[in-house]
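K.L.:
Below are the chains, spelled out letter by letter.
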Amino acid sequence: MKRNNNKMLISLSVAALSLGMATVASAATLDEVKQRGNLNCGVNVGLSGFSSPDADGQWQGLDVETCRALSSAIFGDPDKVVFTPLTAKERFTALQSGEIDVLARNTTWTATRDNSLGLNFTTTTFYDGQGFMVSKDLGVSSLEDLGGASICIQSGTTHELNLADYFPSKGIEINTATFDTPDQTASGFASGRCDVLTSDTSQLSALRLQLPEPDSVEIMTQLISKEPLGPVVRQGDDQWFNIVKWTVFAMVNAEELGVTSDNAEQMQSDPPNPQVARLLGGDGNYGEQLGLGNDWAYNIVSQVGNYGEVFEDTVGANSPLKISRGMNALWDQGGILYAPPIR
Amino acid sequence: MPKPPSSHVPLWRRPAFRALIIQALLLAGLVALIAMMVGNALSNLEARGITTGFGFLGERAGFSIPQTLIDYSGDSTYARTFVVGLLNTLLVSGMGIVAATIIGFAVGIARLSPNWVLARLASAFVEIFRNIPLLVQILFWYFAVLQALPSPRQSLSLMEAVFLNVRGLIVPAPVPEAGFGLTLTALVIAIAASIGFALYARRLQARTGKALPVYWCGAAMIIGLPLLAFVVSGAPLSWVMPELKGFNFRGGVTVIPELMALWLALSIYTASFIAEIVRSGIQSVPKGQVEASRAIGLSSNITLRKVVIPQAMRVIVPQLTSQYLNLIKNSSLATAIGYPDLVAVFAGTSLNQTGQAIEIIAITMAVYLTISLSVSALMNVYNARTLIKER
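Quick mapping for you: the protein sequence lines, in order, are chains A and B.
Note that the numbering used here has the first sequence beginning at 1, numbered continuously upward.
Note that the numbering used here has the second sequence beginning at 1001, numbered continuously upward.
So that you can see chain B by itself, here it is in the shape it has in the complex (with noise of 0.2 Å):
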């Protein structure tokens, strides 16, 4: 019979103690040695006279930048050079999530569609991008694809409104008029309306089964009726039309080269991985499931949306969260074709011309860190949504 716990026990052989102890002991190791190495740092900063602290975020740059999101000029601080590479950053990261899913859905569902050509089609795809270093895909479309396009003179035009040239593409801007504010206003109902029309249709198909059209209904609001509002108000809305003038062109958005290649090469190459996620999700459906739902007389699409998906969504969850991660990792390889990205011109000019190695590194870590971060716990949070209920 074993001896019950008794409080004789000496304090140092109790098991939890020790592992208090224990883990007490480490945790004040690695702060001594943290503290070692940052003290050693800062003294050999100091014995080789190079300049050490945060001071520099708050001097002018100097340097212009090719794209910014923000006002920006070489007046600016390197404060703000820093935030325009983060907006930089997320803006390819954010367009590239979109399009990597968009197309990696697409292809992983074609590569199980009974269709021969569209499955083989979508294989070969997953193969190739799948095996070619993401680095090679970005010299690819930036060199080899978007650097032999026409000269502005020469450039593709679309109606003379959009034009594709090696600068870039050019489309007209769109600068908003008086009364504009309705059209908004509009969009913004017609979103809540689409929102809480969905809610009703999924309650009432919970009570009667019946099912309305909840997405041809939505998208008729939203696009009708902002529509309505623009042409009731008289269409308030004019184009700055790009011309070509002197070198460049003038007026209109121009999206430049740089972000569309690193932008189709982060996408392409991250949706040939989430096409495989998406495939090991759907195959991970037991085949038993799609065989009930079509003997009840659910129609294919219905099947996929509606049984396979959702199952398929928890193997295909977490996977997913990596290839999020990695893409926005990946955006750093902007600085190989001059991207301004937080890299680029953070990690990059602006360590080169301050000179503040261990700050701009120690920051730009920091910032990639919470960025990763927070997605990751985004992404969980949905997973614990379309986790499936154990009722």
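So that you can see chain A by itself, here it is in the shape it has in the complex (with noise of 0.2 Å):
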């Protein structure tokens, strides 16, 4: 059960940590990845859209696609990456530990988190907000209403911190549930444990479709915070951070220029413009600069696809989620996905 695997990581973790932690904190951990044959990613135990395993029991989502990526810009195959279920309580302990190289898990870029926890958030690969999800025939229409409502959350989420700064400040009294894990705080829901879900808007668009009728529900357009999710790496290894920085923008940066899966062999071929030669290698050594081929972006876009592919795929138009860009569109088409160029 999970529930045993919580409780033996926080003890291996701490054991961990008074013991061994030293050399996973030196040893590089592009080459200690290099000498595995694989990357240790730390993905969620199943959230649609970001990771979940599909029928054939094969992770699928915008996170583990980070990880694909990542994968291939390292390996040059998408393949090569062991995939570890993580709560988000047992979610940080896990990356301080050496467990995963990478937290891919729809994971709050913090102050806190960034601070004092030995962690790097290297950038955002979703732009969200905490939004509420409530069934229909309640007539809810403004969070004003949710006077004396239960709300079912997940613990140890940023969602629980801005539910109390935000309904106390306003002088509304609200009860909560919390739960473990997505899937028990949408059942939790739906049982009418609780009036109202709160979660991210991602999370809420994917846990709808898992009730036993999503369209008696609908997600509120009010939101209560800033949710800018990321891949996390630990503090103390700048070419591991560089790595995942700049393969999240190196799908950003193919969005951007028009290359694709589809369209990458012929781009590296006979490069359209010089950007486009530099992202997939035919000018300068910007995958060298990494420590990587220099065909990394390349591969990336060719293996896996592009910043705009991944999206509509996963969580956009060609996924059940349906989540329009909006605030995730590239900065030149009224959206705010800006990455540096690569020159």
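If you are wondering where the hints come from, they were derived from the structure by calculation, not from laboratory data.
Any given hint could turn out to be false.
[To be verified] Below 30 Å or equal to it, Euclidean Cα-Cα: the simulated DSBU-like pairs (lysine-lysine) are: (1) A/Lys136 <-> A/Lys245; (2) A/Lys34 <-> A/Lys322; (3) A/Lys136 <-> B/Lys1245; (4) A/Lys170 <-> B/Lys1245; (5) A/Lys80 <-> A/Lys136; (6) A/Lys34 <-> A/Lys245.
[What the hints assert, rightly or not] Part of the chain A face toward chain B, derived, beta carbon under 7 Å: (7) Asp114; (8) Ser116; (9) Gly118; (10) Ala149; (11) Ser155; (12) Glu160; (13) Thr178; (14) Ser191; (15) Arg193; (16) Pro212.
All C-beta atoms, glycine included, are put in the ideal place defined by N, C-alpha and C.
Please assemble the complex out of the two chains, which come individually in their own frames, going by the hints.
P.N.:
Pasting the structure below:
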């Protein structure tokens, strides 16, 4: 059971912290990953659109594709990833203790997490906000109507903190019921343990699909927080930090430059402009600067896809979630997605 | 003829001295190992930029907890979170120990009953609940039983005062008014009088053999006297009735379903073990004891209470202690259904929000150790008192 894993994980991590953590910290993560022959990636235990196993047991989702892109950048093969499903409470300890190399698990970038946990947030792969899902027949139109309501929430998340910030300051009294996993939270909501389910809006879209009657509920438009989600690494390994960061930047730049998984090969052999040539390794040594091959970005785009392709396939139009690009559109298309240039 | 001990034996060949040296070396080695582990952990944590120390206990926790026995809000500190969690752990453990003991004794005695149906039912109870993992039972009570209850609007209600629904059990909240102190005073007096009466009755029986109805008189006093005071002072107690307003019931006291599920599961699971302990304790009393007491004309009720159980207790108590300790430790499974116990709110949420795993896990372990050792010490005192006195 998950519960036992959780306890074991914490105790093992404590043991690891006390005995042998120095070895993890000082070793270069890239070398270790290469030597091991695979990437250890921490993901959500099951969140449709971000990371969940499909019918064949293959992990699917936006976070999963980030890990696969990283594997392509390092090994030239997107499938050299071992996925470790983690609950919200387990995730940081798993990364701190070296059990995983990178945490790609819809984790919100906050000051405490970035500054005091020995972790580094690399960049944002999904801009989100905390929203609320209610049953349509409650007839609730704004958060001010929620006085006295019970709210289902996942423990150990930023949502717990935001909720305690938001409602008391508005003088609205609410009750909470906390659960450990997204699934339990959704079943608590479905059984009527609470009136409202709160989480990132992207999660709400996913959890809604798990409900017996998805059409009987609505996701309210009001948001109470900023939730930038992205991959996290341990502090103290700048090379690894850069690799994860630039893997995401490569995917965003590829979308901006119109490089897709379909045309990457043709564009590599015949780059339409110098920017594409630099991205796909035809000019300069941008891959080598990271300690990777010069075709790192080519591998990512040809094997996994650019950011837009991955977005549409996992959470966007081609997925059951049908989340619109919104804030997550490119900067030149009305969104805030903006990657530093490769030059 | 053995040589008499002589002071000529060199120091290092004396067993007592060597034993002392070995013990000292062992202790020094252990201390050095622990110091090395602590030092290593601290330097590693610092090297990795992870904050250490207990300063976080004074910081604002910033999250809410569904059930708190003391005042608590999102503005409270992590230290208060810890106290809230600890009290919730003690609450469910205390309730569990009381219920498990009552159910366990009843089932254990029933299993030896000459009534065939009763004995078989008791056996079935033990075999079912002893052999299913506790976590499964907790999830069963929570998800299969309590989550299947109706929504607040369709609550099951008793006289429109007590309501049961998927959000929990809602009962009226008592509000004492001026003059209620008299009732409380009467209760204290009644309890003191009952104890005095019981002591007197025991002495009277020892002297004359005459038995007084101690239980009936005690019960009459403890119930009757406060009731009398309550009526005389004009019933100074009002009730806040739960009322369905908006989403939920307002007013009244809500017992959250997480507490009910955990309490049910812990009580019943532990009771099945206690039942077996009670049965083995009773069976360890030689049959001759029962036959002898029947021979002098004691009823089977008196035989059980005054002859069998007292002798069985010395077998029962040590094992009962371990079951109590198990129950307390098992209450940490609360986190599976979101009951806000120490492990869920402190070793879970607080740990996750602050990231200070080593400090929080150390505190949590120390707390469980302290609770367990205290219970164990209390039970040992009780055990010493129930031991058969050899005269």
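K.L.:
Next step is simple, just say for each hint if it's right about the structure.
P.N.:
Do the hints match the structure? See the list:
no., hint, in the structure
1, A/Lys136 <-> A/Lys245, "violated, 41 Å"
2, A/Lys34 <-> A/Lys322, "violated, 37 Å"
3, A/Lys136 <-> B/Lys1245, "holds, 18 Å"
4, A/Lys170 <-> B/Lys1245, "holds, 20 Å"
5, A/Lys80 <-> A/Lys136, "violated, 44 Å"
6, A/Lys34 <-> A/Lys245, "holds, 18 Å"
7, Asp114, "violated, 10 Å"
8, Ser116, "holds, 4 Å"
9, Gly118, "holds, 4 Å"
10, Ala149, "holds, 4 Å"
11, Ser155, "holds, 5 Å"
12, Glu160, "holds, 4 Å"
13, Thr178, "holds, 5 Å"
14, Ser191, "holds, 4 Å"
15, Arg193, "holds, 6 Å"
16, Pro212, "violated, 13 Å"
Of the numbered hints given earlier, the model fails hints 1, 2, 5, 7 and 16; all others are met.
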